[in-house]
Amino acid sequence: MALPLPLGLTHSEVAFVAEMELVTVVPRQRLESIDLLSGKTPPLRPPHRADLPLWLALLLKKQRRANIVPPPWLYPASLADIVHRETKVHPHAFSEPMPTASRARQSQPGYAGRIGGGDSSEVILSPPFRSNCTSAAPAGYLPYHWLEVAEALITYASDDLGGNTSEIRGLLRDLVEVRAAKMRDSAETLGAEGQGGVVSLRGVGAMELAENRGFVLGVVDGVRKIGGAVETARREKEEEMDLGGGDGGRGGYGGDGDSDDDMGI
Amino acid sequence: MDIDDILREVDPTFHAVPQEKRNLQELTRAWIAERSAPELLPWPADGLFERVNDSIKRQIEKVEEMTGDMDPKTNFALIVIQTELERFKYLVRSYVRARISKIDRHTLHYLSTDALRARLSEMELAYATRHQALLHNHYLSSFLSSFPSALQNINDSAGINMVETPDLESAVFIRLLKDTLVEGRGVDSDGAMDGRESDIVILRWADAKTLVENGSAELV
Chain A
1 MALPLPLGLT HSEVAFVAEM ELVTVVPRQR LESIDLLSGK TPPLRPPHRA
51 DLPLWLALLL KKQRRANIVP PPWLYPASLA DIVHRETKVH PHAFSEPMPT
101 ASRARQSQPG YAGRIGGGDS SEVILSPPFR SNCTSAAPAG YLPYHWLEVA
151 EALITYASDD LGGNTSEIRG LLRDLVEVRA AKMRDSAETL GAEGQGGVVS
201 LRGVGAMELA ENRGFVLGVV DGVRKIGGAV ETARREKEEE MDLGGGDGGR
251 GGYGGDGDSD DDMGI
Chain B
1 MDIDDILREV DPTFHAVPQE KRNLQELTRA WIAERSAPEL LPWPADGLFE
51 RVNDSIKRQI EKVEEMTGDM DPKTNFALIV IQTELERFKY LVRSYVRARI
101 SKIDRHTLHY LSTDALRARL SEMELAYATR HQALLHNHYL SSFLSSFPSA
151 LQNINDSAGI NMVETPDLES AVFIRLLKDT LVEGRGVDSD GAMDGRESDI
201 VILRWADAKT LVENGSAELV
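Going down the list, the sequences are from chains A and B.
Here UniProt numbering is used: position 184 in the first sequence is 184, and no number is missing along the way.
Here UniProt numbering is used: position 138 in the second sequence is 138, and no number is missing along the way.
For the record, the hints were derived by calculation from the structure and aren't laboratory data.
Careful: at least some of the hints might be erroneous.
Distance windows between CB atoms, simulated [to be verified]:
1. A:Glu236 - B:Asp156: 41 to 47 Å
2. B:Met123 - A:Thr87: 50 to 56 Å
3. B:Val92 - A:Pro91: 54 to 60 Å
4. B:Lys89 - A:Pro4: 16 to 22 Å
5. A:Glu96 - B:Asp156: 40 to 46 Å
6. B:Asn53 - A:Thr87: 48 to 54 Å
7. B:Thr113 - A:Glu236: 22 to 28 Å
When the alpha-carbon atoms are kept at most 30 Å apart in a straight line, the in silico DSS-like pairs for lysine-lysine are as follows [what the hints assert, rightly or not]:
8. A:Lys237 - B:Lys57
9. B:Lys21 - A:Lys182
10. B:Lys73 - B:Lys89
11. B:Lys209 - A:Lys40
12. B:Lys73 - A:Lys40
13. B:Lys209 - A:Lys225
14. A:Lys62 - B:Lys73
15. A:Lys40 - B:Lys57
16. A:Lys62 - B:Lys89
17. A:Lys225 - A:Lys182
Backbone N, C-alpha and C fix where the C-beta goes; we use that ideal spot for every residue, glycine too.
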């Protein structure tokens with residue numbers, strides 16, 4: 001086998017991706033800029049802060065060459081605020097994802113646009129490349145890789161968290177539990193009528209997706225296979241009704257044949 | 001270079017994403033997509049992997065040069081460079097392996113039409129063709145030759161198609177990169193949703209495909 005892994009990122013792959021998140025460090029030693037494949041690192045001059053990818057920050061931390069500045073959303077006050085919102089304010093939805101950084105648009109003075117999303121020639125950045133875990137990130141939101149980054153900082157940089165490690169750990173555990181319950185509840189929506197095959201999980205985190213991918217996708221695919229005959233019949237009926245006007249819409253998908261075969265067994 | 005380029009260079013408010021970071025973003029996105037999509041995706045046409053492989057090669061040469069001097073200061077830089085190099089190599093390797101495992105599973109399918117063959121890189125096409133030829137010869141010498149000639153085809157598409165295809169209807173997770181309308185097909189009804197940027201949506205791959213291809217969404 002070329003790759004003995006199931007479709008979708010596994011936990012360790014998600015953790016690998018999360019290590020690309022930028023975090024802010026306060027260097028304790030000078031270090032010249034290093035010419036890396038992902039670009040030059042900023043030269044480190046104590047006590048000036050610099051943003052580095054998490055894997056490099058952890059390496060510096062282990063060698064006592066730098067301290068990590070925890071992102072504002074990881075402070076107990078911010079976490080408690082999110083727990084409150086997740087349990088009391090929106091008990092059925094994940095809290096909002098981190099807002100996209102924007103800047104003044106040069107072509108249209110007075111308007112602001114997303115960084116990296118202004119014109120089509122530029123690549124749109126998505127997590128982990130969005131600086132959601134630096135000291136400049138806003139408090140009160142969870143970034144996409146919240147659990148992985150928080151876990152790494154608690155494990156390797158607990159002395160930089162201001163001595164609140166146990167409080168932070170407790171709040172994180174609350175968040176994990178309340179959000180896992182929401183993820184399980186979403187299974188009801190997944191199988192429900194009238195969803196039209198599109199379900200939004202806005203605000204979900206990477207590790208939560210990896211954890212539930214098999215279950216959630218299994219439910220969706222299972223419902224599709226069980227309802228395969230019903231769906232084909234409905235589509236044929238709609239096509240007959242449409243035949244008078246238009247081209248019959250989105251009838252001809254290659255995969256429809258598969259579900260027919262499944263039902264024939 | 002015209003006057004706009006010159007102005008942009010000296011303008012501190014212009015933060016274009018540097019090429020290196022863009023490469024890493026695109027490489028990561030391509031890898032996650034290939035790991036999550038139920039079918040083989042097109043090999044990136046803009047030379048992304050050629051660029052990445054060249055820079056990996058250059059970096060390896062630099063490591064070899066740097067290993068010579070044992071100054072403790074450059075020594076630490078060397079560790080950092082090598083760590084990062086391994087991370088890049090892992091990404092490229094995992095991407096290629098994910099593709100090969102898909103090609104292995106549905107070789108005949110990906111070789112069947114020109115449109116599907118165009119998704120493979122030159123090397124992958126050579127691999128798939130040769131692998132299939134070897135396999136076919138082996139089947140022929142071990143059992144197919146004793147079948148009646150009418151039953152010797154292994155890609156018979158009369159009646160039920162013998163060529164297995166990936167299930168394009170299986171569900172995937174996508175993240176929207178722009179505000180866009182998301183249309184999906186369900187069992188009881190077809191639906192649409194006004195998606196906002198950063199939404200994570202579950203839907204069938206066949207419905208998600210156009211969004212991913214035109215850059216409005218990425219697989220997660």
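Outcome of the hint check:
1. A:Glu236 - B:Asp156: 41 to 47 Å: 27 Å, violated
2. B:Met123 - A:Thr87: 50 to 56 Å: 53 Å, holds
3. B:Val92 - A:Pro91: 54 to 60 Å: 44 Å, violated
4. B:Lys89 - A:Pro4: 16 to 22 Å: 19 Å, holds
5. A:Glu96 - B:Asp156: 40 to 46 Å: At roughly 54 Å between Cβ atoms, Asp156 (chain B) and Glu96 (chain A) fall outside 40 to 46 Å, so the hint is violated.
6. B:Asn53 - A:Thr87: 48 to 54 Å: Cβ of Asn53 (chain B) to Cβ of Thr87 (chain A): about 49 Å, so the range 48 to 54 Å holds.
7. B:Thr113 - A:Glu236: 22 to 28 Å: Once the Cβ atoms are compared, 27 Å apart, the range 22 to 28 Å for Glu236 (chain A) and Thr113 (chain B) holds.
8. A:Lys237 - B:Lys57: 58 Å, violated
9. B:Lys21 - A:Lys182: Not satisfied, since the Cα-Cα distance of roughly 35 Å exceeds 30 Å.
10. B:Lys73 - B:Lys89: Within the cut-off at roughly 25 Å; holds.
11. B:Lys209 - A:Lys40: 35 Å, violated
12. B:Lys73 - A:Lys40: With Cα atoms ~17 Å apart, Lys73 (chain B) and Lys40 (chain A) stay inside 30 Å; holds.
13. B:Lys209 - A:Lys225: 20 Å, holds
14. A:Lys62 - B:Lys73: Status holds; Cα separation ~17 Å.
15. A:Lys40 - B:Lys57: Holds - the C-alpha atoms of Lys57 (chain B) and Lys40 (chain A) are around 17 Å apart, at most 30 Å.
16. A:Lys62 - B:Lys89: OK: Lys62 (chain A) and Lys89 (chain B) at ~24 Å, within 30 Å.
17. A:Lys225 - A:Lys182: Holds, at about 25 Å.
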